[in-house]
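As given, the protein sequences belong to chains A and B, one line each in that order.
Take the first sequence: its position 126, counting from 1, is numbered 126 in full-length UniProt numbering, and each next residue is one higher.
Take the second sequence: its position 546, counting from 1, is numbered 546 in full-length UniProt numbering, and each next residue is one higher.
Misleading hints may appear alongside valid ones.
[Stated by the list, open to error] With a Cα cut of at most 25 Å, we get these calculated SDA-like pairs of lysine to any residue:
| id | chain 1 | residue 1 | chain 2 | residue 2 |
| --- | --- | --- | --- | --- |
| 1 | A | K567 | B | F315 |
| 2 | B | K250 | B | K264 |
| 3 | B | K520 | B | Q419 |
| 4 | A | K41 | B | Q419 |
Don't read these hints as lab results, they were simulated from the structure.
Everything numeric in this text was worked out from a predicted model, so none of it was measured.
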Amino acid sequence: MGGTKKKKYESGSATAFVSRNKALKKLQLSLGDFRALCIFKGIYPVEPLHKKKVNKGSTAVKTFYNLKDIQFLAHDNLIVKFREKKHYLRRLKKAVAKKNKFAESIIRDNKPVYSLKHVMKERYPTFTDALRDLDDCLNLCFVFATFPHSQRIKVDLVQLCHKRTVEFQHYVIAAKALRKVFVSIKGIYYQADIKGETITWVVSHKRGYEHPQDVDYKIMETFAEYNSVLLGHINIKLYSDSHLVYPPQLTERIYHDTAKCLEGDSADELLASLAPQIRTTGESPDELEEDPEVDAMNAVNVDDPEYIEKSKLEAATISRLQSLFKGCKFFLNREVPREELTFVIRCCGGEASWDSSLGLGAKYGESYDGITHHIIDRPTVSNQRLDRTYIQPQWVFDCVNARVLLPPQDYFPGIPCPPHLSPFVEEKDGEYVPEEKVKFLKRMRGEVEEEDEEESEAEEGEEEEESEDEEEVQQQAAGNKRKRNAKEDAQGPEKKAVKMAVSEGAIEKVDKQKALARQEAEERRLGEMMIPKKHKRLYHKIMTSRKKSSQETRKLEEKKEKLKAAKKKSKGKKEKV
Amino acid sequence: MNSSGKRKSMSPDEESRESNEEESPLLTSQIPASDDESGASEESEDEGSGSDESSSQDEDDVGEDTSDDSDSDDESDNDAGYDTASVEKDKSAADPGTTESSVNGKDEYEYDSSDEEDVRNTIGNIPVNWYDDYDHIGYDVEGNKLIKPKQGDALDEFLEKVDDPNYWRTVRNKFTGQKVILSEEDLKQIQRIQSSTHPGGSDDLYAPWVDFFSNEVMEMPVTGRPPDKRSFIPSKWEKQRVGQMVHALKMGWMKPRGEIRKAKLSHDPNAPSLDLWKDDTESDITKRYRMHIPAPKEPLPGHAESYNPPEEYLFDEEEEAKWDGQEPEERRMDFKPAKFSSYRAVPKFEKFINERFHRLLDLYMAARQRKMKMNVNPEDLIPKRPDKKDLQPYPTREGMIYKGHKDMVRTISPDPTGQWLASGSDDATVKVWEIATSRCMKTIPMVGKVTCVVWSPNPAVNLLAATVESDVILINPNVGDKLVCSNTDSTLESYVESATTSEHKSPVTWSTASEADHKKGVRLKIEHQQEITHFNWHAKGDYFATVQRGSKGQAVLIHQLSRRQTQAPFSKPKGLVQRVMFHPVHPYFFVATQQHIRILLDHFVLEVFFVQANCKYISCIDIHPGGDNLIIGSYDSRLCWFDLDLSTKPYQTLKYHKKALRQVTYHKHYPLFASASDDGAVIVSHGKVYTDQLLNPLIVTVKILRGHKTTNHLSVLDCKFHPTQPWVFSSGADSTIRLFV
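The following block holds chain A by itself, in its conformation from the complex:
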């Protein structure tokens, strides 16, 4: 035969990947430029299946890229633009150093600019692809939108990000796409349903910033640059699809208040307050509302009647959510986060306003009679009015998550609110479900079954505690009884032993269930022993994770028990006092 001998590492995975240093050498780029290029083009390192083979026998730690990816990068025009930029910077530096103002201005005028449009098209061939990547994009844009101006961060970028986020929020309001809100200690999480994609983003609390030192702002800026462009493209598409005018325009002409801001800014400011409606192009705007049901009908599992039923129910709750605050007029007190609440309220069809001295966008003052809800975040209310409900901001969030208007009694100012639960958690079997959630779910089910109970529901909140107390008392009583029985049992034989009499032999009670369970456990153990080596690891991995979660559940349950006991004790003491 006499074929040439095949050499090692000349084909296969050894040539399909390149290390980062090699990629740099091939592209002739600096590390910073390479980074930026990777960020723009969405190229990431990969973990080869056989790292040793790829690394030509060495086991040293290295980052690998797909060779094809690097070749792909090499053909991009952005590389040329990066080189131009490098050149530009060098020339500019020279001019500045020479204090040659004229040359400097000319050089500055010829600053190379690059377009990222082709990158977008490459990375997201369809609009849904772009929406799938929207989470990270939104997160970063919202972070940048709130950045203070500093030496490191350019003002333009911050303003652009802010503009884009405001546009996006206006879209969500117009489309009523918000589904869930969660106030966490990190920030406020929002979840929206945009064209069937679930999109979650987090916005930090507006509390003022310090720039942390251990963060590379250059990288953040590169990402922000890319994401602001992406968000712009997405926004315009969303706007056009829902027949809105882009860039967003106010429906009414505003007469700005010169005292608060410059004339040019007032429209932007007003938009940023999220209060005014934006203009539509005037084409069938109610198409959106039909969407969920259409979706339900077009669902994949048309044959499955259960699925159809389920999706119909879901569609109903969503439409209920979209008009949750319809007719409600909210007044936001001074200490309440204005934009966040306005956003949430308007997404659910409500209206929000605030004192006109606080900012643009206020429609009515505190004295307006039409106000139904007054959101307040302080313990006492001065000159309370009877024609409106005073509530804490958590009520709004909880209502959105519950998709019904919750009884406001628990959220009156000054009262500690019931716990705010994460709407993102869906407990599986065996996981801990907080008591409040169980209660809520029960109530919801009750409502669905019998709607007459609604009247009593209002009082339920107060009654619940009492009923709980009663239960506890009963439990205590039962416990006492049991204890007494036990005592008797314990004392019984002793007494009889003294008498030296032979008692009637009791039949040994075999707890059949326990025995059965024991037997089953044993059989399981025996079965586990026979698991082939191939699956043993996997099995134990699954089992340990299960064990862990069950441990966590147990721990939470124990804690809950303890807390309950402590509460009871303190209550008992109070009563005694």
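Once you have looked at the hints, place chain B on chain A.
Just chain B now, kept in the frame of chain A:
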């Protein structure tokens, strides 16, 4: 003077002068052309002016000659625009006649500016001695011969020397042959050159520099040269260029800089546009697109992250201490749950930006790998067990405890009838128990620790073999059927020693028991040289094998009871022998060393099989009654089942014990096998061997039996099945024997 003048370097060599000489007539011819502005090139203009100005240089020459102004050189340099040769001041080449001819006229432009007259001889740059043989020395401008001046002879020379007072300073001009009397000035210069001082003889070499051509406008022109015409009229070329630009501006081809800047600022290449996803339905699914591994989404927050979580989610002191003590990477949550009374009270989250930044890093730096998420139900991984009823009968619970030994019971053996159980212990006794009642029927004291007790498999005799240190002791325990007992004794006594046996030097000594021992039941004693570690009967009960410790060539010994003979089959055993066994049916012999099992045939010569046990150290071995299957137990807590028909590698390796295995055993009738380990468990498994060759053995674990306590890291030391019933005996380090039924 004219401002556009360029300073040119001066080259004082003659070549350049000559070139100038060649040029100058040409230039002069161009002068009229340049003057009438008809469109000659700028260069020619310049050169024209240069030729014009060459006149001024002559004036300088004169000045120098006369006034010896040191600055004059510089001056002529600065008179830019004309060429260099005119500035030549080479004294040696200079003709004294020049001084004469350079007459100073009133009008400096009247005279012919060329300095040709200076050169009388026009032969060019050739050696003069070529004319030595001629009367003339060269030619003048008109082409007439220059006649050599008359040369005096030596006498004339002498006379001149005497008469002429200037003789000492008279030199001869080579080119003309004329005599030149050096002037005072020349002499001085020569002196200066000789003394290596400044040839020009300036007084103050370091005088301050006077910037003659400064930016200041002087009252008087430096030279008397009238300004050019072109300095009064606008440039044509400029006009043309401006015209072009104006036209370009008009046509919109060119834009002012401010406008360009504005346009650039207003045009954003990244401005949102709708054409990106215009045709949403169609997309080219490239390979790149398919290979893309999307970044995993960030996990969503749970209840614990809420600003107002249920109280059970808050940390108690223990958890908080743990959280504080952990490194940030180890923590289960990257935040401490906290409860705030109102939304207003929630502070900023310190690590918010860091968290976002780390997410970005993950996006572009973390290596991605496509992972198939397995949705495995762990129940599916457990192999299907046959119905319990199909596996029965098997021992399920402890039925009996045999107490009586004072030290750990190393070995037990039920008798072939299933009525008696013999046990050997470290307390130097062999006990015989009645199985059904747990009653100790006989206690036979020994001289040392009993390591092995085995009933003879021959049902016709009632013989028990026990190994104590280096002795094998055959005991007739005298229990059970009297007839059998007496039969046993009679068969043992029927032996007659033959003469032939003593020829070979036997590795062991056979001896009958003493009277006292006989009463106890001891019948025969076989003394070995080394301690015996293992003992095993042949299935027929005539042969038995022992394993000695240490002695290499005689590690394995085969004894024949009927002939009281012993042989050492292996001269050199391979490896350290652990166990030996006879095949129940065929004439095979199994030798288990630490890591291998060899199966030998026909007088231990032919190796049939070489089995590699996949374990480090074999501790025990048993053969299936069918003879085709084998189990071994090892100290590295493995149990291997070999199907000898299938392969020399284990058919199945079970690692269900946690510690070293001490004993493995098959049941004689039921498809059961059991293993005893140091972890205190006796695990009974169902091991069914099918007669059909195509079916692999079925192995199912059926019961874990526990009862023995662990003492000194030892727990169960031996286990044996009842010969007829599905019961298993186990003996342990806690000096008890247990029966599981």
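Each hint, compared with the structure:
Distance check on the hinted pair: K567(A) and F315(B) sit about 17 Å apart at the alpha-carbon level, within 25 Å; holds. At roughly 21 Å between alpha-carbon atoms, K250(B) and K264(B) fall within 25 Å of each other, so this suggested pair holds. The suggested pairing of K520(B) with Q419(B) holds, with an alpha-carbon distance near 20 Å, which does not exceed 25 Å. Taking the CA atoms of K41(A) and Q419(B), the gap is about 84 Å. The hint is violated against a cut of 25 Å.
Checked against the numbered hints listed earlier, the structure breaks hint 4 alone; every other hint is satisfied.
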